[in-house]
Amino acid sequence: METSAEIAEAAGSTDPDVGLRAVAALRMLTERLEILQVDNARRLGWSWQDIAVRLGVTKQTVHRKHGKRAVRLR
Amino acid sequence: MIRRRRRSRSSVPLLTDQARAIPIGGFEHARRLGHPYVGCEHWLLALSGADHPAAAALREHGVTPERIEEQVVRLAGGGLFGDLDRSALAAVGVDVDAVRDRLAESLGQQALSRASHAAQPRDLGGPWWDPRRRSVGPGVHANGVYLPGGPGLGQCFRAIRGEAQAGHEAQVGVEDFALGLLSVTDGLLPAVLAALGVSAATLRAAVTDACRATGEPPQR
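In order, the protein sequence lines correspond to chains G and D. All you need for our numbering is the position in the first sequence, starting with 1, plus 235. All you need for our numbering is the position in the second sequence, starting with 1, plus 13.
Hint data in this document are derived by calculation from the structure and do not stem from the laboratory. Careful: at least some of the hints might be erroneous.
As the list claims (entries may be wrong) - Stretch-level coverage of chain G by chain D, calculated; a stretch enters the list once three of its residues show a Cβ under 8 Å from a Cβ in chain D: (1) 252-262; (2) 271-282.
Said to hold, decoys possible - Just the calculated beta-carbon pair ranges, DEER-fashion: (3) G:253 / D:204: 26 to 34 Å; (4) D:215 / G:252: 39 to 47 Å; (5) D:222 / G:266: 48 to 56 Å; (6) G:253 / D:183: 58 to 66 Å; (7) G:265 / D:74: 36 to 44 Å; (8) G:278 / D:175: 41 to 49 Å; (9) D:208 / G:291: 40 to 48 Å; (10) D:174 / G:268: 39 to 47 Å; (11) D:45 / G:259: 23 to 31 Å; (12) D:184 / G:302: 49 to 57 Å; (13) G:249 / D:74: 41 to 49 Å.
Said to hold, decoys possible - Heads up, incomplete: computed chain D residues facing chain G, CB under 7 Å, no partners named: (14) 93; (15) 97; (16) 98; (17) 101; (18) 102.
Idealized CB from N, CA, C, for every residue including glycine.
Could you put together the complete structure from these sequences and hints?
Given below as C-alpha cells:
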C-alpha cells in the first residue's frame with residue numbers, strides 16, 4: 236500500500252470519474268472495516284462507550300448502527 | 014452402559030480420493046470468496062478444476078473455474094469486499110486483496126464471513142440467501158470453521174448418492190459428483206449454468222460420454 240501522501244495525491248485526481256469513484260469505494264470500504272472492528276471489539280468485551288470514543292461518535296450513534304447485529308455475537 | 018448404534022456402512026458411501034477433494038475444495042472456495050455458506054456452485058467450482066474426464070468434459074463446454082467464479086461472484090457477491098470498485102481503490106493506492114488478506118490473518122476468516130453476512134442486507138443490496146432465516150442442507154465443518162450448506166446442497170447429496178447406487182459402485186466418484194451436481198434444481202447453480210449458456214442436460218450427456226470413453230464406470 237502507498238503512503239498517505241500518495242493516496243491523498245491520487246484521491247485528488249484531476250479526472251473526476253476516478254476521483255469520485257475512489258471516494259465512494261473508500262466510503263464503502265470504511266463501512267465494512269467498521270463492521271469488522273466493532274464486532275471484534277464487542278467480542279473482546281469492549282463497551283459501546285469505548286468503541287464510540289475511538290470512532291469519534293456518540294455512544295447512541297454506534298449502538299443504533301451496530302447494536303442489533305452485535306447482540307447476536309454473544 | 015449406553016451402546017451407540019452403529020450406522021450402516023451402506024448408507025454412507027465412501028468417496029474416492031478425487032471425489033473427497035471436491036467438498037473440501039468447495040469449502041475452501043466458499044471461504045476464499047467470503048460466502049457465509051457452502052453451495053453447489055462452490056462444489057462445481059472445485060469439480061471443474063479437477064484432473065478427471067468428467068471435469069475435462071465440463072471445461073470443453075466452457076464451464077471453467079474462471080467463468081464459474083465470475084458468475085458466482087456476480088450472482089452471490091464476492092464476500093465483504095467483493096463488490097468494491099477495485100480499480101478506483103487501486104487508483105488511490107488501496108489494494109483490496111491485500112486488505113482482505115491482512116484482516117483474514119489478524120481477525121480470522123470466520124470474522125470476515127460473519128461481517129460479510131452482516132453487511133449484505135444493507136450494503137450489498139440484499140443477499141440472495143440469508144442463512145439466518147433458512148437453514149437447509151448439511152453444513153460443512155473444517156479447521157474450526159463451520160459453514161452451513163446452502164440451498165440445493167441437500168438435493169445434491171441425495172442425487173450423488175442416487176447416481177452411485179444406480180451404478181452399483183462401491184465408491185462415490187467424481188463422475189457421480191458431476192452428475193449429481195448437474196441434476197440440482199435449487200440454489201444458485203442452475204442460474205450459474207444458465208449464465209454460462211449451457212444446459213445441465215447437455216453437460217450430463219458430455220460427462221457420461223467422457224467417462225464412458227475413458228473407461229470410467231458406466232453412467233446412465
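Now for the hints, and whether the structure bears them out:
1. 252-262: holds (count 6)
2. 271-282: holds (count 3)
3. G:253 / D:204: 26 to 34 Å: 33 Å, holds
4. D:215 / G:252: 39 to 47 Å: 42 Å, holds
5. D:222 / G:266: 48 to 56 Å: Holds, at about 50 Å.
6. G:253 / D:183: 58 to 66 Å: Distance hint for residue 253 of chain G, residue 183 of chain D holds at roughly 60 Å.
7. G:265 / D:74: 36 to 44 Å: 42 Å, holds
8. G:278 / D:175: 41 to 49 Å: Holds - the Cβ-Cβ distance for residue 278 of chain G and residue 175 of chain D, about 43 Å, lies within 41 to 49 Å.
9. D:208 / G:291: 40 to 48 Å: The hinted range 40 to 48 Å holds for residue 208 of chain D and residue 291 of chain G, with Cβ atoms some 43 Å apart.
10. D:174 / G:268: 39 to 47 Å: 43 Å, holds
11. D:45 / G:259: 23 to 31 Å: Holds: the Cβ-Cβ distance is about 25 Å, inside 23 to 31 Å.
12. D:184 / G:302: 49 to 57 Å: For residue 184 of chain D and residue 302 of chain G the Cβ distance comes to about 51 Å; the hint holds.
13. G:249 / D:74: 41 to 49 Å: 47 Å, holds
14. 93: Where the cut-off is 7 Å and the nearest Cβ of chain G is about 5 Å from residue 93 of chain D, the hint holds.
15. 97: This interface hint holds because 5 Å falls under the 7 Å limit.
16. 98: 4 Å, holds
17. 101: At about 4 Å, which falls below the 7 Å cut-off, the nearest Cβ of chain G leaves the hint on residue 101 of chain D intact, so it holds.
18. 102: At about 5 Å, which falls below the 7 Å cut-off, the nearest Cβ of chain G leaves the hint on residue 102 of chain D intact, so it holds.
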